[in-house]
Amino acid sequence: MSSTETRREAARVPAPSTAPSRAWTTELRREDDALDTLAGEWDDLAARCRTATFFQAADWLRSWWNHYGRPGALVVVLVRRDGLLVGAGAFQRRGGPLGGLTGLGDGLVDYSDVLLDDDCADRAASELAAALPITRPWQFLELREVHPEAAVQRVYAHWRGRRRRYEDSLCQYLPAVPMDRLLKRVPGKTAQRSRVKLRKIAEAGVKVRSTPVEEVPEALEGLLRLHILQWSERGVTPEHRTERFARHLTESTIALVRSGKAAVHQFHLDGQLVAVNLLLLCPARSGLYMYGAHPVLRDRLDIAGLLFSAALDETVGAGIPVFGLLRGQEPYKQRWRPDQLPNQRLLLGPAGPAPAATARAAAIRTRIAAVHQLRTRFPRLKQALLARRRS
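Going by my numbering, the sequence shown opens with residue 18, and the numbers climb by one from there.
Some hints here could point you the wrong way.
Unchecked claim - Cross-link-like lysine-lysine pairs, in silico, DSS-like; alpha carbons within 25 angstroms at most:
id, residue 1, residue 2
1, LYS217, LYS206
2, LYS350, LYS224
3, LYS214, LYS350
4, LYS350, LYS278
Said to hold, decoys possible - Restraint-style ranges between C-beta atoms, simulated for each label pair:
id, residue 1, residue 2, range
5, ALA64, GLN351, 31 to 39 angstroms
6, GLU166, GLY222, 39 to 47 angstroms
7, ALA368, TRP41, 17 to 25 angstroms
8, ASP135, THR207, 36 to 44 angstroms
9, GLY345, GLY288, 46 to 54 angstroms
10, PRO312, ASP139, 50 to 58 angstroms
None of these hints come from the bench; they were simulated from the model.
C-beta atoms are modelled at their ideal positions from N, C-alpha and C, and glycine is treated no differently.
Modelling step: build the complete structure from the supplied sequences, incorporating the hints.
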């Protein structure tokens, strides 16, 4: 073989790889203070996960666990690459003989999810799926309120056992643009009426103030008081009246405002506090989570226009592209012609026969059908049931 042929043959042989191999490890943490000890790493990972929302912030999860978690039931699944946290999920063991896991939040979150590093999301999802402690035939993981683009959808794709996906609550969204552009989404007469209402707000002299972190507790006390007052005739969500909800809302919001993940707006008219709203913030979208407004304000001004203007200005100013109205189809949201996208409910069970998971799936389908019937065909029956529950 000539020297030229020798050089050509050598060129065909790949050189040994100089890239270091990645060391992947997984870990289960079950101690009640796991979220506290992981908070720094957790939020660092959240900053590298494009789908992370305010409900995946360490401060929100820690607060929820402190006030709603069942001692001894926390399960935190961690995935590391070369020691760096690149995947994480926090769950609670389901009570009762069948066990299994649920997400944290229990009706108070609009988005459930896990965290995956964008740089290695697919591999991290595969590792996290393999590490989930769902092994016995009667166990399953149920996650409510999952956005169609959530990180946990990758975990679902890698799951090797039984899996099911159902439609969950409807969430609504608006583009985060100045109000004059937003009004172009609605019919001409509706837009004109909205402009008139906005002018009345400006002329009334309502003062809007963003709340500094040290005043958040007092502002949220006013929010809850006004929230209960405004819904007194139509029935407030029972949990919103509880002390534990007030403590959780205050503790989590203080931390989120401090880190720039939330804003609390106070509205004063003639020197009196007449409304307060809580806006949650993340890079992908904002979320108008909760508000309270004095009923007397309804007779004088457009409450929805007042709250939306402040929340929209905050969202646009933060450079966030989407203004989220979160769950619910209240009439005050519909006038803005929001885009609608249902969340999903994910059910993951072990491979092979799983009677408990099958039974759970059947129960979910039955409940979904019943709720749909109440909403669409028997709205008066639904109102009667709610009234009976409140009495």
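Verification of the supplied hints:
1. Distance check on the hinted pair: LYS217 and LYS206 sit about 17 angstroms apart at the alpha-carbon level, within 25 angstroms; holds.
2. Only pairs whose Cα atoms come within 25 angstroms are accepted, and LYS350 paired with LYS224 is accepted, the gap being roughly 23 angstroms.
3. Between the alpha carbons of LYS214 and LYS350 the distance comes to roughly 16 angstroms, so the proposed pair stays at or under 25 angstroms and holds.
4. Of the pairs offered as hints, the one joining LYS350 and LYS278 holds, with about 23 angstroms between alpha carbons and a cut-off of 25 angstroms not exceeded.
5. Roughly 35 angstroms separates the CB atoms of ALA64 and GLN351, a value that falls within the hinted 31 to 39 angstroms.
6. A C-beta distance of roughly 42 angstroms is found between GLU166 and GLY222, which places it inside the suggested range of 39 to 47 angstroms.
7. Taken as a hint, the range 17 to 25 angstroms holds for the pair ALA368 and TRP41, whose Cβ atoms sit roughly 22 angstroms apart.
8. Between ASP135 and THR207 the beta carbon distance is about 40 angstroms. The supplied range of 36 to 44 angstroms therefore holds.
9. Checked against the hint of 46 to 54 angstroms, the pair GLY345 and GLY288 fails, with Cβ atoms roughly 32 angstroms apart.
10. Evaluation of the 50 to 58 angstroms hint for PRO312 and ASP139 yields a pass: the beta carbon distance comes to about 51 angstroms.
Comparing the model with each earlier hint shows a violation of hint 9 alone; every other hint is respected.
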